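Colleague: Given next are the chains, with one letter for each unit.
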Amino acid sequence: MASYPTRYSALALLRKGATRSDWPRAWRHHDLRSSYDVVIVGGGLHGLATAYYLARNHDITSVAVLEKAYIGGGGSGRNTAIVRSNYLTPEGSAFYDRSVRLYEGLTEDLNFNIMFEQRGHMTLAHSDASLRTMRWRAEVNKLGGIDSEVIDPAGVKELAPAIDVSDRPRYPILGALWHPPGGIVRHDAVVWGYARGADVAGAHIHQVTEVTGIDVADGRVTGVQTSRGAVAAPVVINCTAGWSTLIADMAGVKLPITTRPLQAAVTVPVQPFLVPVIVSGTLHVYVSQTARGELVFGASVDPFSSYSSRGSLGFTEGLAGHVLELMPGISKMRLLRQWAGLCDMTPDFGPIIGPTPVAGFYVDVGWGTYGFKAGPVAGEQVAAMVANGTVPRLIASFGLERFEQGRLTAEKGAAAVGH
Amino acid sequence: MLVIVCPHCGPRNSNEFTFLGERSTRPAVAATTPAEWRHYLYFKNNAAGEEDERWFHVSGCRRFLDVERDTLTNEIRSVRDVGEAAR
Chain A
1 MASYPTRYSA
11 LALLRKGATR
21 SDWPRAWRHH
31 DLRSSYDVVI
41 VGGGLHGLAT
51 AYYLARNHDI
61 TSVAVLEKAY
71 IGGGGSGRNT
81 AIVRSNYLTP
91 EGSAFYDRSV
101 RLYEGLTEDL
111 NFNIMFEQRG
121 HMTLAHSDAS
131 LRTMRWRAEV
141 NKLGGIDSEV
151 IDPAGVKELA
161 PAIDVSDRPR
171 YPILGALWHP
181 PGGIVRHDAV
191 VWGYARGADV
201 AGAHIHQVTE
211 VTGIDVADGR
221 VTGVQTSRGA
231 VAAPVVINCT
241 AGWSTLIADM
251 AGVKLPITTR
261 PLQAAVTVPV
271 QPFLVPVIVS
281 GTLHVYVSQT
291 ARGELVFGAS
301 VDPFSSYSSR
311 GSLGFTEGLA
321 GHVLELMPGI
331 SKMRLLRQWA
341 GLCDMTPDFG
351 PIIGPTPVAG
361 FYVDVGWGTY
371 GFKAGPVAGE
381 QVAAMVANGT
391 VPRLIASFGL
401 ERFEQGRLTA
411 EKGAAAVGH
Chain B
1001 MLVIVCPHCG
1011 PRNSNEFTFL
1021 GERSTRPAVA
1031 ATTPAEWRHY
1041 LYFKNNAAGE
1051 EDERWFHVSG
1061 CRRFLDVERD
1071 TLTNEIRSVR
1081 DVGEAAR
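If you're matching them up, the sequences are chains A and B in order. Heads up: the first sequence at position 250 corresponds to 250 in our numbering, and the numbers run straight through without jumps. One gets our numbering by counting positions in the second sequence from 1 and adding 1000 to each.
Take these hints with a grain of salt, some might be off.
[Unchecked claim] Computed cross-link-like contacts, DMTMM-like style, restricted to lysine to aspartate or glutamate with a CA-CA straight-line distance of at most 20 angstroms:
#  : chain 1 : residue 1 : chain 2 : residue 2
1  : A       : K254      : A       : D215
2  : A       : K254      : B       : E1050
3  : B       : K1044     : B       : E1022
4  : A       : K254      : B       : E1036
5  : A       : K68       : A       : D167
6  : B       : K1044     : A       : E91
7  : A       : K157      : A       : D167
8  : A       : K142      : A       : E91
9  : A       : K254      : B       : E1075
10 : A       : K142      : A       : D152
11 : A       : K254      : A       : E404
12 : B       : K1044     : A       : D249
13 : B       : K1044     : B       : E1068
14 : B       : K1044     : A       : E401
15 : A       : K157      : A       : E401
16 : A       : K68       : A       : D152
17 : B       : K1044     : B       : E1016
18 : A       : K254      : B       : D1052
19 : A       : K68       : A       : E91
[Unchecked claim] Incomplete in silico selection of chain B near chain A, CB under 10 angstroms:
#  : residue
20 : M1001
21 : R1012
22 : T1025
23 : A1028
24 : T1032
25 : R1038
26 : N1045
27 : E1051
28 : E1053
29 : G1060
30 : C1061
31 : E1068
[What the hints assert, rightly or not] Residues of chain B placed beyond 10 angstroms of chain A at every Cβ, according to the derived structure:
#  : residue
32 : H1008
33 : G1010
34 : P1011
35 : G1021
36 : P1027
37 : A1030
38 : A1031
39 : D1052
40 : S1059
Note that these hints are calculated values from the structure, not bench results. Model, not experiment: these values are computed from the prediction. Glycine included, each C-beta is placed from N, C-alpha and C at the ideal position.
Generate the whole structure from the sequences, applying the supplied hints.
Modeller: And the structure:
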């Protein structure tokens, strides 16, 4: 692994503070070359992680990451930063377990503090059907070596005293799925850490560089057209979200994806009072308290497809009502802001990773509402797939061909609203 | 929230309606292949711009509606009953 020009450390901080010298930029500007070995479309978490692992694990450094705006400005900066691995299917939970383990070592690996706080992740059950699915998930998880267990309302109260476990709410809490390794991350830091790591290893990050076309000849990708000129490349990877079907269309590849906004909101900061991440599928809400003290709320995707990332009053009203069902004590808190991100929804709530009918054109798309938690493992596995020319076992069930073959994954129960 | 002008009920909030997705053509059910059928079920155009959609006015007249909407701006161009011929 290449060494960094400036390793961040307590000593470096002291030296910079004492001399008051500027920190160098974390990643560099480059001229756009006319050819690269690999072009990655989309400078978000997935694209940058892929560039990083291509260089670090496979010595592939002639890599361009093309970003139409600024890095981390799409889904990577709009998600609610939750990480967990208590999925329903053995394939799903094994995949996300690898991601949690990568996240656990990422601060050291990237020499960049990503502030991963494993405070535990709690999914509330408000019905017998939810409890049944949670027991199922807990047992699948335990067989895969993942810490996951069903707890009762008293256990919920002990871990999160702010939650109302009484019979007062319309949907009283009957229990919860408790997942101690889950938690929250500073999502911008992950993007910046991967960008810095990829840059040091030799990849070029090109911001404000929009891909406007993909060149295909004889069923094989040959390069891309961009707002800054043409770039030849034998491998092009679509790592976009929201716009993934438009990029794939440029190569003549159809994807089973519809774009839906997902809205989120954050309150003003308050004293720490909520340790775990709390999720309620029944109430369509999840909430965590950031290190700064703000409560971050997310919901399910909007009820119709759209490329518009405007928030709506209907969302805020619904969110407030649901949150107060869970935590009536926060009724006086003020919302600071709300926003929306674009989610690529697939029919089976599984991602689409793998080759396409166009040789050399790969996709890492369809991340719905679960792309952030999968960033490290997706980058690692996509890099391995491109470098070795074969699809790794960990992502074998996520290929595009499954939709025409009728082999859909069954993750909806644990992925929809299940952040 | 969108306001959808229902041809039967007038302007109503979009939460009265169920979004059924973009309109597509169903293959002939007796002649289709499994691959073709799955393509029809799962693959969408996902247009960024003009889209022909079907909505259901579940909390109103309970009629199915054909809606033309711009997915970039959410501007609705037209709403008509599925029984009404295209203009």
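Colleague: Next step is simple, just say for each hint if it's right about the structure.
Modeller: Structure-based check of all given hints:
| no. | hint | result |
| --- | --- | --- |
| 1 | A:K254 with A:D215 | holds (16 angstroms) |
| 2 | A:K254 with B:E1050 | holds (18 angstroms) |
| 3 | B:K1044 with B:E1022 | holds (7 angstroms) |
| 4 | A:K254 with B:E1036 | holds (13 angstroms) |
| 5 | A:K68 with A:D167 | violated (51 angstroms) |
| 6 | B:K1044 with A:E91 | violated (26 angstroms) |
| 7 | A:K157 with A:D167 | holds (13 angstroms) |
| 8 | A:K142 with A:E91 | holds (13 angstroms) |
| 9 | A:K254 with B:E1075 | violated (26 angstroms) |
| 10 | A:K142 with A:D152 | holds (18 angstroms) |
| 11 | A:K254 with A:E404 | holds (12 angstroms) |
| 12 | B:K1044 with A:D249 | holds (11 angstroms) |
| 13 | B:K1044 with B:E1068 | holds (16 angstroms) |
| 14 | B:K1044 with A:E401 | holds (15 angstroms) |
| 15 | A:K157 with A:E401 | violated (45 angstroms) |
| 16 | A:K68 with A:D152 | violated (48 angstroms) |
| 17 | B:K1044 with B:E1016 | violated (24 angstroms) |
| 18 | A:K254 with B:D1052 | holds (18 angstroms) |
| 19 | A:K68 with A:E91 | violated (33 angstroms) |
| 20 | M1001 | holds (4 angstroms) |
| 21 | R1012 | violated (13 angstroms) |
| 22 | T1025 | violated (15 angstroms) |
| 23 | A1028 | violated (19 angstroms) |
| 24 | T1032 | violated (13 angstroms) |
| 25 | R1038 | holds (6 angstroms) |
| 26 | N1045 | holds (8 angstroms) |
| 27 | E1051 | holds (8 angstroms) |
| 28 | E1053 | holds (8 angstroms) |
| 29 | G1060 | violated (15 angstroms) |
| 30 | C1061 | violated (19 angstroms) |
| 31 | E1068 | violated (14 angstroms) |
| 32 | H1008 | holds (20 angstroms) |
| 33 | G1010 | holds (19 angstroms) |
| 34 | P1011 | holds (15 angstroms) |
| 35 | G1021 | violated (7 angstroms) |
| 36 | P1027 | holds (14 angstroms) |
| 37 | A1030 | holds (19 angstroms) |
| 38 | A1031 | holds (18 angstroms) |
| 39 | D1052 | holds (12 angstroms) |
| 40 | S1059 | holds (13 angstroms) |
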